[in-house]
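In the order they appear, the protein sequences are chains A and B. Sequential numbering from 1 applies to the first sequence in our numbering. Sequential numbering from 1 applies to the second sequence in our numbering.
Among these hints, one or two may not hold up.
[Stated by the list, open to error] Below are the DSS-like pairs computed for lysine-lysine, each with C-alpha atoms no more than 30 Å apart in a straight line:
hint, chain 1, residue 1, chain 2, residue 2
1, A, K291, B, K172
2, A, K316, A, K341
3, A, K279, B, K172
4, A, K186, A, K102
5, A, K181, A, K333
6, A, K333, A, K316
In case anyone wonders, no lab produced these hints; they're calculated from the structure.
Chain by chain, the residues:
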Amino acid sequence: MAEKSLPAPPRSVGRSILLTLPVLLWSLLMFSRAFQMPGRAQQLAAAVTLVFMVGLFFLMMRTRETYRWRRWFFASLGFLFPVGFLWQLYALRGSMSIPIEKMLSGDTPFCFLAIPMMLIPAALTRTVIFPGSILPTASNPHSIAVMVGLWFAATLILGKAWCAYGCFFGGIEEGFAAFPKKARIKDINPRWRWAPWAVLAAVVLLAGATFEPVYCTWLCPFKTVTEYAEVRSIESAIQAGIFLSLFFGLVVILPFLTKKRTQCAFLCPFGAFQSLFSKIHIFDIRIQRDKCLDCVACRRSCPTLALTDESVAQGKTLLECMRCGACVDACPKQAAVWHIKGTEAGAHPERARLLFLYGAWAFATMFGGSILANSLERIVGLVM
Amino acid sequence: MARVAEGLFLGIASGPACLASCLPAVLPWLTTQQQRSEGPLRLLAPFLAGRLAGYLGFAALAWSAGLLIPAQSGTRALIYGLAHAAVATLLILEFRRSRHACTACPGCGAAPRSTRMTPAALGLVTGLNLCPPFIAAAVRAADAGSLAGSMLFFALFFVGTTAWFLPLVGIKWLPHSLGLLTVARFTLLLMACYFSYLALLALGGLLLHG
């Protein structure tokens, strides 16, 4: 993505190690429990994950680049999450599909994508419209309370950056977008960036009218790699067809052709919902107009169309910016910089980046790292 | 008197359900129109008038046919299917009509004005939504001693539910932007798909199973 970038000189190894030390300590704390377990597979998976996460952070410090290294973590998370999740599903019920009886008994693992649809019914009637259980149970540890709590904590720390450091679904498209060297489709009408907001409006309104998590029932492409309602009728067959089409269209083929996260940019209502928290998040990206060449390398590199010609002219990213750092890495003049709101743009960009990354990477290690370790453990267990 | 008051209170009590079932069709349309210069009540009035006409028409039908309409599943499916097909058609027409946004002033993006008939028709067909409170009202109206009594019952049911629609005038004070219009237009299209699906389900089921 960063074809024209002239990277800043690398930081010294010693200084990079020093800056990585807090992340190393945090990671040791996170994975210490796994090292005390008797299983060799679990220990090995935890060790590999620890080295991977700390190593990537070290490279971020050393090279001063964010997107390039974050992408390795994120794509790994995207591709490995289904492994661990499906393994668990097969262990519990022997199938990817969830029978209606299991749904009615509240055994559906909760997914954060349902959160925006739950708000109106919950506020008006104190009804939770997701067929899961509020508190964790033996058969369903992914309860609503746990996942909403996690999302809330993540939103406080990351805001919209959840989409770049937490959302395992986004990792799948980012992985497919990373394969080709060049984008085949380059001109995308910026008007499409409004589509997720429309999907958000539609699913929230319909959830209020039908008391059903409409997006999960009809539009979620990730049902293809997680779980879906058992196909028992023409309606559920149509739903399965929609899931498959959206998955292969928006998560596999279009990211490959455009080098963008097309599902996030054109469909995901949760991403649009999460964008609302951009206003209260203290970190953002600014374009320093006095340095900018108007080469639009930043706009072209943005995976979610969060930069337009107008926003670049104003020196800002749009609400949809997920702080992935692609534009900062792509800028040949270092005009795109990390920024803390309330401070002067470009005053201490590296300090702003570090402060943001400590929080984001700590969350990524805790949440994404545990998912990676869990999936790796399954794979290592198979091999051993 | 008690029956009349019952209509009003039934309307007030079931208003949130009526609002929730109408919002998916009404809100996107209203948002495409919010940038027009008319006062907010003038935007909403034709819709509410259409809704009242739908209620009164159904009251007359319910009274003349007795309990037949709400009781017969075939008739219910037919009304339901046709009403939803009409909603979908209106939403698609509105989507097409709003495709040329105003370019006279930068950032204005107001959509072309709907005809007075569009919101009235939208009110009429969304008013025929056979949701549980509406069927409860129809059963009570069918039980009324006279046609006038049945219509009065439904008129007061309408007044009760309308109280919940009035906050929609607040949409007029949303910031004017081309982005908002684009979102509203995309939403119109998605909602048209949804209502088409409902219509297809109802009418297809009727054709296949009678």
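To see whether the hints hold, each was checked on the structure:
Under the criterion of a C-alpha separation no larger than 30 Å, the hint pairing K291 of chain A with K172 of chain B is inconsistent with the structure, at around 41 Å. This hinted pair checks out: K316 of chain A and K341 of chain A have alpha carbons roughly 12 Å apart, not beyond 30 Å. Taking the CA atoms of K279 of chain A and K172 of chain B, the gap is about 23 Å. The hint holds against a cut of 30 Å. Between K186 of chain A and K102 of chain A the alpha-carbon distance is near 45 Å, which puts this suggested pair outside the 30 Å criterion.
Our distance criterion of 30 Å between C-alpha atoms is met by K181 of chain A and K333 of chain A, whose separation comes to about 23 Å. Distance hint between K333 of chain A and K316 of chain A is fulfilled; the C-alpha atoms sit about 16 Å from each other, no more than 30 Å.
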